[in-house]
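**Q** Sequence:
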Amino acid sequence: MSHEEAVIKAAAELVQAFGAHDTDAYFACFSADATFIFHSLPQALGSLAAYRALWQGWERDGFHVLGCRSSDGQVMVHGEVAVFTHRVETHLRLAGEEHQLQERETIVFRLEGERWVAFHEHLSGVPAS
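My numbering puts the first residue of the sequence shown at 1, with every later residue one more than the last.
Read the hints as simulated data drawn from the structure, not as lab findings. Every residue, glycine too, gets a C-beta built ideally from N, C-alpha and C. Fair warning: there could be bad hints in the mix.
Cβ-Cβ distance ranges computed for the label pairs, FRET-style [what the hints assert, rightly or not]:
{"#": "1", "residue 1": "A28", "residue 2": "R60", "range": "15 to 23 Å"}
{"#": "2", "residue 1": "V83", "residue 2": "D61", "range": "28 to 36 Å"}
{"#": "3", "residue 1": "E5", "residue 2": "R104", "range": "21 to 29 Å"}
{"#": "4", "residue 1": "Q56", "residue 2": "Q16", "range": "19 to 27 Å"}
{"#": "5", "residue 1": "H3", "residue 2": "R60", "range": "38 to 46 Å"}
{"#": "6", "residue 1": "L41", "residue 2": "V108", "range": "29 to 37 Å"}
{"#": "7", "residue 1": "G62", "residue 2": "M1", "range": "34 to 42 Å"}
Calculated cross-link-like contacts (lysine to aspartate or glutamate; reagent style EDC-like; alpha-carbon spacing at most 20 Å) [as the list claims (entries may be wrong)]:
{"#": "8", "residue 1": "K9", "residue 2": "E59"}
{"#": "9", "residue 1": "K9", "residue 2": "E97"}
{"#": "10", "residue 1": "K9", "residue 2": "E98"}
{"#": "11", "residue 1": "K9", "residue 2": "D22"}
{"#": "12", "residue 1": "K9", "residue 2": "E114"}
{"#": "13", "residue 1": "K9", "residue 2": "E89"}
{"#": "14", "residue 1": "K9", "residue 2": "D24"}
{"#": "15", "residue 1": "K9", "residue 2": "D61"}
{"#": "16", "residue 1": "K9", "residue 2": "E105"}
Between the sequences and the hints, there should be enough to build the whole structure, so can you do that?
**A** As structure tokens, then:
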């Protein structure tokens with residue numbers, strides 16, 4: 001399998017775990033030093049532990065991912081680092097209400113041994129056309 005194919009596979013596994021609200025599998029896709037920038041937060045998250053704590057708080061408030069679909073995926077491999085970009089459509093429940101989100105996402109992966117691991121994620125809203 002080429003590096004490009006392996007990154008696409010790693011990204012698909014991450015999206016599938018997120019869409020299934022499989023918390024353990026989802027967070028296993030990231031390195032412990034991963035960083036996160038989400039358009040819905042006023043600050044960046046500097047570690048996987050910080051994101052996981054935030055996620056647990058969201059869950060206490062009724063957050064649950066009901067599905068996620070990725071489209072328009074592109075990958076650029078640069079040695080042992082790869083940048084994956086795509087559009088994501090997320091269906092989730094928050095405080096008893098269901099929402100459909102349209103977003104764009106960049107996930108940066110690095111090769112650790114034989115495995116591509118996400119170490120940065122940047123999620124942004126899709127601008128109105």
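**Q** Taking the hints in turn, state whether each one holds.
**A** Outcome of the hint check:
Between A28 and R60 the beta carbons are some 22 Å apart, a value that agrees with the proposed interval 15 to 23 Å. The beta-carbon spacing between V83 and D61, approximately 32 Å, falls within the hinted interval of 28 to 36 Å. The hint said 21 to 29 Å for the Cβ distance between E5 and R104, and at roughly 22 Å that hint holds. Taken as a hint, the range 19 to 27 Å holds for the pair Q56 and Q16, whose Cβ atoms sit roughly 21 Å apart.
Taking the beta carbon of each, H3 and R60 are about 39 Å apart, inside 38 to 46 Å as hinted. Taking the beta carbon of each, L41 and V108 are about 18 Å apart, not inside 29 to 37 Å as hinted. Distance hint check for G62 and M1: the Cβ-Cβ separation is about 39 Å, which falls inside the suggested range of 34 to 42 Å. Straight-line distance between C-alpha atoms of K9 and E59 comes to about 27 Å, which puts the hinted pair past the 20 Å bound.
Restraint check: the Cα-Cα separation between K9 and E97 comes to about 32 Å, which exceeds 20 Å; the hinted pair is violated. Distance check on the hinted pair: K9 and E98 sit about 29 Å apart at the alpha-carbon level, beyond 20 Å; violated. Distance hint between K9 and D22 is fulfilled; the C-alpha atoms sit about 17 Å from each other, no more than 20 Å. Simply put, K9 and E114 have alpha-carbon atoms about 13 Å apart, close enough for the 20 Å limit, and the pair holds.
A C-alpha spacing of about 18 Å is found between K9 and E89, which places the hinted pair at or below 20 Å, so the restraint holds. A hinted pair counts as satisfied when its Cα atoms are at most 20 Å apart, and K9 with D24 qualifies at roughly 18 Å. Distance hint between K9 and D61 is unfulfilled; the C-alpha atoms sit about 32 Å from each other, more than 20 Å. Only pairs whose Cα atoms come within 20 Å are accepted, and K9 paired with E105 is accepted, the gap being roughly 16 Å.
Taken one by one, the earlier hints fail for this structure at numbers 6, 8, 9, 10 and 15, listed in ascending order.
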